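Asks: Protein sequence lines, in the order shown, are assigned to chains A and B. Taking my numbering as reference, the numbering of the first sequence is continuous, increasing by one, and the terminal residue is 168. Taking my numbering as reference, the numbering of the second sequence is continuous, increasing by one, and the terminal residue is 336.
None of these hints come from the bench; they were simulated from the model. These numbers come from a predicted model, not from an experiment. Where hints are given, some of them may not hold.
Stated by the list, open to error - Across the chosen pairs, the derived CB separations fall in these ranges:
#, chain 1, residue 1, chain 2, residue 2, range
1, B, Pro298, A, Gln27, 53 to 63 angstroms
2, B, Pro267, A, Glu52, 10 to 20 angstroms
3, A, Thr126, B, Gln195, 24 to 34 angstroms
4, A, Met34, B, Pro236, 19 to 29 angstroms
5, A, Ala30, B, Ala213, 27 to 37 angstroms
For each residue, glycine too, the CB sits at the ideal point set by N, CA and C.
Number of protein chains: 2
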Amino acid sequence: MFARVTSISLIALATLTACQQPETAEQMHARMQMESDSARVALEAKAAAFVEAFNAGNADAMAAFYAPDAVLMPPDMPAVMGRDAIRGGMEGMLAGMPPGSVFALRVLDVAANGPIAVDRGEWSTTMPGPDGGSMEIRGKYLVEWHRIDGEWLIVSDIWNGDAPMPPM
Amino acid sequence: MFARVTSISLIALATLTACQQPETAEQMHARMQMESDSARVALEAKAAAFVEAFNAGNADAMAAFYAPDAVLMPPDMPAVMGRDAIRGGMEGMLAGMPPGSVFALRVLDVAANGPIAVDRGEWSTTMPGPDGGSMEIRGKYLVEWHRIDGEWLIVSDIWNGDAPMPPM
Numbered sequence: 001m002f003a004r005v006t007s008i009s010l011i012a013l014a015t016l017t018a019c020q021q022p023e024t025a026e027q028m029h030a031r032m033q034m035e036s037d038s039a040r041v042a043l044e045a046k047a048a049a050f051v052e053a054f055n056a057g058n059a060d061a062m063a064a065f066y067a068p069d070a071v072l073m074p075p076d077m078p079a080v081m082g083r084d085a086i087r088g089g090m091e092g093m094l095a096g097m098p099p100g101s102v103f104a105l106r107v108l109d110v111a112a113n114g115p116i117a118v119d120r121g122e123w124s125t126t127m128p129g130p131d132g133g134s135m136e137i138r139g140k141y142l143v144e145w146h147r148i149d150g151e152w153l154i155v156s157d158i159w160n161g162d163a164p165m166p167p168m
Numbered sequence: 169m170f171a172r173v174t175s176i177s178l179i180a181l182a183t184l185t186a187c188q189q190p191e192t193a194e195q196m197h198a199r200m201q202m203e204s205d206s207a208r209v210a211l212e213a214k215a216a217a218f219v220e221a222f223n224a225g226n227a228d229a230m231a232a233f234y235a236p237d238a239v240l241m242p243p244d245m246p247a248v249m250g251r252d253a254i255r256g257g258m259e260g261m262l263a264g265m266p267p268g269s270v271f272a273l274r275v276l277d278v279a280a281n282g283p284i285a286v287d288r289g290e291w292s293t294t295m296p297g298p299d300g301g302s303m304e305i306r307g308k309y310l311v312e313w314h315r316i317d318g319e320w321l322i323v324s325d326i327w328n329g330d331a332p333m334p335p336m
């Protein structure tokens with residue numbers, strides 16, 4: 001009988017250690033802060049690799065950052081749906097860049113909860129100016145990332161400029 | 169002794185029912201689908217109320233949808249930081265609308281996980297055209313919402329047009 005009591009106590013103990021209590025609001029916010037910090041490191045690396053692909057003129061590599069059903073929302077044209085169409089959109093964008101242009105991204109804020117992250121930041125493009133100098137256009141973006149099979153992929157990507165586009 | 173066994177069994181049973189197992193990937197996706205569906209209902213109601221405030225020319229009511237530290241990212245101008253500055257931005261936007269303009273929003277997709285939601289959709293404005301008829305401008309948006317003290321508030325809001333803005 002005593003042995004049975006002990007085994008039941010062990011079951012209770014095992015149950016207590018194997019399971020987790022529902023998360024409190026404080027625990028949730030602490031966890032989300034950790035996940036956001038961790039996602040920011042991952043997404044800053046993604047941004048650097050995307051910039052490298054952009055400045056190398058590699059539309060295939062750029063499209064690989066997007067989920068198969070991603071939506072690209074460029075300014076002054078309709079949305080582009082799906083990775084294959086996005087690859088075509090990237091080719092068009094690269095073809096429209098003046099030679100010598102240098103693209104850059106700056107991540108400003110990342111909020112993540114589990115497999116969803118929102119990344120807000122700034123973009124800029126430095127290009128040869130009309131007088132032999134250089135000019136910069138810049139703007140802002142918001143990107144929705146989902147972690148799919150362990151990898152962060154862009155699901156929605158939208159940006160616009162800080163000023164109307166200058167005549168080229 | 170028998171009473172003691174029973175009380176330990178009851179403790180084990182109570183522990184089993186009070187705690188929760190770590191979520192499996194399948195359970196997480198099912199939960200997120202439910203939360204996204206539920207957030208979509210809430211955010212469609214928010215969108216309808218925002219449209220009502222916009223078409224009533226009520227900048228105060230529009231600003232109330234934003235978190236105190238929200239970031240508004242309108243096209244062709246710099247980002248606007250904070251609810252007070254956003255209220256001013258809304259006043260400017262309302263002042264720039266031709267009389268008789270009608271604004272509309274359409275939510276296309278909502279992805280939520282706990283207190284974070286991303287809302288992607290379309291906007292349109294119908295306004296009097298140059299020939300006495302009406303013209304429509306339209307575009308797309310991405311909005312990051314956080315549920316703060318039980319209420320969904322906009323944290324980041326960006327949009328752009330499907331075509332360059334027509335001359336007014």
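Asks: Each of the hints needs a verdict: does it hold here or not?
Replies: Cross-check of the supplied hints:
1. Pro298(B) with Gln27(A): 53 to 63 angstroms: The hint (53 to 63 angstroms, Cβ to Cβ) holds, given that Pro298(B) and Gln27(A) are roughly 59 angstroms apart.
2. Pro267(B) with Glu52(A): 10 to 20 angstroms: Violated, since Pro267(B) and Glu52(A) (Cβ atoms, about 49 angstroms apart) do not stay within the stated range.
3. Thr126(A) with Gln195(B): 24 to 34 angstroms: This hint is violated: roughly 48 angstroms between Cβ atoms.
4. Met34(A) with Pro236(B): 19 to 29 angstroms: The hint (19 to 29 angstroms, Cβ to Cβ) holds, given that Met34(A) and Pro236(B) are roughly 24 angstroms apart.
5. Ala30(A) with Ala213(B): 27 to 37 angstroms: 31 angstroms, holds
Violated hints for the displayed structure, listed by number in ascending order: 2 and 3.
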